[in-house]
Amino acid sequence: MTNSWTDIRNTDLVVIMGGNAAEAHPCGFKWVTEAKANRGAKLIVVDPRYTRSASVADYYAPIRQGSDIAFLLGVIKYCIDNDKVQWDYVNAFTNAAYIVKEGFAYQDGLFTGYDPEKREYDRATWDYEIGEDGFVVMDETLQNPRCVWNMLKEHIAIYTPEMVERICGTPQEKFLKVAEMISECSTPTKTMTSMYALGWTQHSKGSQNIRSMAMLQLILGNIGVRGGGMNALRGHSNIQGLTDIGLMSNLIPGYLNIPTEREVDYPTYISSRGFKPLRPNQVSYWQNYPKFFVSFMKAMWGTAATPENSFAYDYLPKLDLPAYDVLRAFEMMDQGQMFGYFCQGFNPLLSFPDRGKITRSLSKLKYLVVMDPLETETARFWENHGEFNDVDSASIETEVYQLPTSCFAEDEGALVNSGRWLQWHWPAQNLPGQAKHDTWIMAQIHLKLKQLYQEEGGKFPDPILNLHWPYADPGDPKADEIARELNGYAVETLRDPNDPTKVTVEAGQQVPGFAALRDDGSTAAGCWIYSGCYNQNGNNMARRDNSDPDATGAYLNWAFAWPANRRILYNRASADLDGKAWDPERKLIEWDGEKWAGYDVPDIPPTSNPRDVGPFIMNPEGQSRLFSRGMMRDGPFPAHYEPFESPVVNVVAPAIRGNPVARVFESDRATFGDAEEFPYAATSYRLTEHFHYWTKHVWVNAVLQPEFFVEISEELAAERGIEKGGWCRVWNKRGSVQAKAVVTKRIQPLICDGKPVHIVGIPLHWGFTGAAKNGMGPNSLTPFVGDANIETPEFKAFLVNIEPSSGPATA
Amino acid sequence: MTINVNPPVAPDTAMQMGPQDYIRRSASSVPAPARQLEAVAKLIDVSKCIGCKACQSACLEWNDLREEVGVNAGVYDNPHDLTPNTFTLMRFTEWVNPETDNLEWLIRKDGCMHCADPGCLKACPAPGAIVQYSNGVVDFVKENCIGCGYCVKGCPFDIPRISKVDNRSYKCTLCSDRIAVGQGPACAKACPTKAIVFGTKEEMKAHAAERIEDLKSRGYANAGLYDPPGVGGTHVMYVLHHADKPSIYAGLPDDPRISPLVEAWKGVTKYAGFAVMGIAAAAGVLHMAISGRNRVTVEDDEEARRLTAVAPGAAPLDPSKETLS
Amino acid sequence: MNMELSRRSFLKGAGAGVAATTLGAFGFGEAEAAFVEGLRPYKLAGTTETRNTCPYCSVACGVIIYSKGDLTQGTAEAIHLEGDVDHPTNRGTLCPKGAALLDFIKADTRLMNPKVRRPGSNAFEEISWDEAIDGIARHMKDDRDANFIERNMDGVPVNRWTTTGFLAASATTNETAFLTYKAVRSAGMVAFDNQARV
Amino acid sequence: MTDSTLHGRPAPQVTKADIDRGDRLHVGREVVVDRYTKWARVNHWITAISLILLALSGLALFHPSLYWLTALFGGGQWTRAIHPWIGVVLFVSFAGLFIRFFRLNLPRREDAQWAAHIGDVLKGDEEKLPEVGKYNAGQKFVFWAMSILITILIVSGLAVWERYFSQYLTVPQLRVAMLVHSMAAVAIICVWIIHVYAAFWVEGTLRAMTRGNVSGGWAWRHHRKWLRALATYGKRDDQSPDGRGPAT
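Chains as they are written, first to last, in my numbering: chain A, 9 to 819; chain B, 406 to 730; chain C, 579 to 776; chain D, 788 to 1035.
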């Protein structure tokens, strides 16, 4: 989230699309009801289903899953055509006026540089014209046909209301009503907030779904302001934290990157991260990359990371592929290229697409380690449960370790919420049985491995032997110790660069924030963006002062928000070019003549002149991007692509199946179906009574929604002779499930390009362990396809067939 | 008393509510309470409700209830009805508004309405099994309940359920144990959108008025408060977008009142019955006094002997005996 | 309505134990939570409040866990859980999942012992932590030594371990996450991912 | 000589049908008539006790002022639990009585006359009444009233039997059942009062249900037609119960 949950109370219009906040985030949704009740805010819901969010919406419009980009580009076109643009904002804070390099073009659904063999683009032409001064060439009059604004207008010209209806199945009058309501927020005094979640990410073009809305928000001037923003409603309690800390194949904590093998040494690695500003006076904050990287390396390898060995650069693995994400990991298992796997509080057997492939892959492992407070189907994937897990135990050679861990009630530490707040929590009870804290388990595994390398030697033991392990009890590191490590500390005494006599931080002391980090090895910080969370003032994540001056919803003294306790990102954009708030009613920060001040921590150097420094300091432009250059693998502008399995052909580019650069493995192509065989458009989701697969184990939640079902329209039920509350079978090439049928008016057939499309909704939750009734799930049916940019599986749009059935034999 | 503090772990020992505040006690009478507690109410704003069932969940947890894991019956309602363990239940209705032709998903939290004039209490034959506090809370006292099910017949909202396990009647207590220490009900505390709020009845009516205004501004011309006078008003009230037709909300009674049959059973029958029985007994006594007992006379015995000695048309007597006489 | 916040700011680390200490002052223990006709004994009397965060979604609602017993004595046990009214986001509210967290903490299917399932077997067997850690570390070392890639074809040091993967959780603390990061990366593992995608 | 003109009134025609199984004459100085067999009496008293227990437990739940009666049954829960079961016993037991007695309780011509002279009945001036068989119209009224009310009570009672049957009815149906049940209960208690009072008022009646027989005089006075039938067709033994020989 660029903003916070509590900031939503400041909005005038909430658009829930690509998510279902009322269902998945009820207590966050509270702030929508508050905005409605106290500000007269309106709520729009655009979803294939009339959801719980829709039940309290002011306006609901149906849309076919996987067609959001067409809808959003249609809205952008509507706003531009009707001059519903916040011009001052667009001119000041976006790259609308930048001139795009000659050679860049878009045709028949493809941008320049496509290689069908590699399913990849050569993105060389996706860039700006650079002038002699080394800065981008601009045309502030927006007359140049090659400027971003005009390129954008040309690119979206096809997304007329008629086209939107053909692609999305959204009746024109409904689409126009939504577009009209949204366009009202182009005035500086009206803001819209976008609340989205996995309904946008879980597509083969998920990232572009989000970009489309981000572009719309920029055009309306809604980024960086109170009550605005792009608010990704993260799914899990600390998924934000795990991403921040970079528990991903290609990340280093704080969104730094693991080197690729082309970056043969540290100088090469760091040179490709120069991030020279593209406009005069811009901050281009990534220029500090070396400071953060070196500090991280010091936190990892302490004294073993020296200037001489490039701070142990070689200790880091070098990637030969863009990413070893989960889909690739299971593909590798299936191909016999991976032999061991750890699942820490994760249940891939049910959570990942194409369950058949997951079972097959796990069965080929030599060893599997599952750490969890609860039973998981993954830990028992080898156990036969009749129709619910039909495997032959004897033929599965995997050795499975199941380790009991603590749950939230027993552990201590910080979780990062969707609004980037790091909140500390305390243990309320002792560990049950033999259960142990995850920290204890990870420490034991590391220490044992280290011991084996000490005793036996082996392949490149250095990074293991030299891992910095500064804990009072090495076998049981405490949360407090690790939190200090994440914040960062001075390795050597730090002195003021301008006045070397002045000591800023004594050696061994916590650094106040990331501004104090250095690239000479004198500082260490586990995760630079968290720097400040545990500094000289102590554990700021444990702060519990809930005061909120002038009820802005900032709560600056409650816990700690990264970066630098900032609550709203890009908050400089809340004020106009001269530093005056766009909306006097909704001041956030303003320029008082000398510095930036207000209700939030300024996003730019507090004394930087308003007309000099742009709000988007992480971009070399200092401004936001309507045209994203080569940052995205699948195009600098979003374009409509159908899901890999779609009930209709792509009307704008009939020749193209799915997203041309989506992640697809050859071995999976055979499992894709087409609309002739599988005519119904299925989508998967979670119910408010449940939390993924965990609440199967929670008696009360099992009671509230006990049994696996699918939701279909009355029309489809009649067409296929399925009875309300009766059993039905849903299947495709990947699998088959049996479920109760919920026949509802909340799902209506959509007319797409003249033909009716029936939607089948398949909620997830059920498995073969826990208190809830045994059941199957959508992932026996979902396709093994990933988003082009971040490989998120396409859980939200696939094809199935459906018929009445007699229910599972072992129900 | 809008609740905005966490439940205390060391509550004030002087309970804020207790037996001294009874204004009604089933099948028995109570002295007029020394003090009058301020009337409380739970307001359920159906237009804010997202049907998340947090209220059901919080109710089960606070009251330490365990419901059975049921089945899916083709709807979202689970369990399918109120039970001795389910004091509150979300009822879902898919309603197409004939005026707009738009689908509206009406979600109503069902449960005890805490009537000012409680039919359950009127029907209850067990002294102290049902009590009403001066703040409006109507509570069941299981220790005194005999499980006869009269409350089920008395309730205009079909709320109480009799447990097959301990043969006692159960329903929402409005979390009387929480109110007693100055807390609101668990459901209101949990409700994510504050569709359920709790406070004094006056506060709640005022809040409802604001909500109704907001709803009217959003096109719900018939938005209104459900506080049915037929039962003297309730201490659980609804804000409805279509207050002109409560029954579309999963059969919420349009004009609830204690059934005339129950009134008759608990009223006239009771008194007329006693009268009739009394009269019958009295008549007997009186008659006995006037006419004395109906005695058999010597003549009657004589006649009987004569008749039975020789009965006309009787079989002839033994000839030998004949000769003897 | 019900949205105003009780203005209580807490001392750092004051998450737990506050209530326990005040108990004596009130002279109110379980004993006093005596039966009053018609009212259930108030079940939170004499418990200890601990501030925590809901482990489910990323709204990260503040919760208070009410427990009996003493953490330092190893006897602490949660008996009830409720939303934290002082929390700016949830203001004491909880969703149907959060409101039932006690049943998660006390789920019948909570794991109590380390177990191993041997190849081809159709059952788990309980083992000691030492056996578990030894077995796992041995597997790791054998696999790493057998498949670790020190240099690529061009002789560039790449130090990659691609044959064992690690899937991190989404509900563990930052602290667990960083310790996990250190352990996993230092071994050269690249097939490292988390729940961000699902 | 003949008896046919006694009191100057013609004796009614009598038939065997006016006699019940088990009715019997013992002729002698003391005429004694067997009226009820041992099993009939046992059957009657089971019914009677059930009815009384039902009245007590029913009344206990009928009006708060009588709730104390639940103490007789071990408290409210027990009262609530036991009442319906006693009801079942009563029903079965009464069914037995019905089969035994219904034939001679069928209405006869003289019943109307008898009822017409209800004033004389209450005065005890029976010479003005027609001769009646084993049962007079009053007794027949009690018999049929009991039969009908018990049927109503068992049906409505089962309907509101919370434990087993209530769930099969709607609440409105239950309310009707409840009202009917309580009104029928009031009625049957009244009938019971009449029945018991009559038994006391008419001396020598009670013994019919205790020892099983009545004096000849009682039979002559109250059920002369029955006595005639017995005298004419009935089983008799001339050994009068006091063991002395026949009168001569």
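Calculated from the structure, these hints are not laboratory results. The reader is advised that the hints may include incorrect statements.
Covered stretches of chain C, as calculated for chain B (at least 3 residues, CB under 8 Å) [to be verified]:
1) 652-662
2) 670-676
3) 696-704
All C-beta atoms in this analysis are idealised placements derived from N, C-alpha and C, irrespective of residue type, glycine included.
Examine the region 670-676 of chain C for residues whose CB is less than 8 Å from any CB of chain B, and state whether their number is three or more.
holds (count 7)
Residue count check for the region 696-704 of chain C against chain B: does it reach three with CB-CB under 8 Å?
violated (count 0)
Check of the region 652-662 of chain C against chain B for coverage (Cβ-Cβ below 8 Å, three residues minimum)
holds (count 5)
Against the hints set out earlier in the document, a violation occurs for number 3 only.
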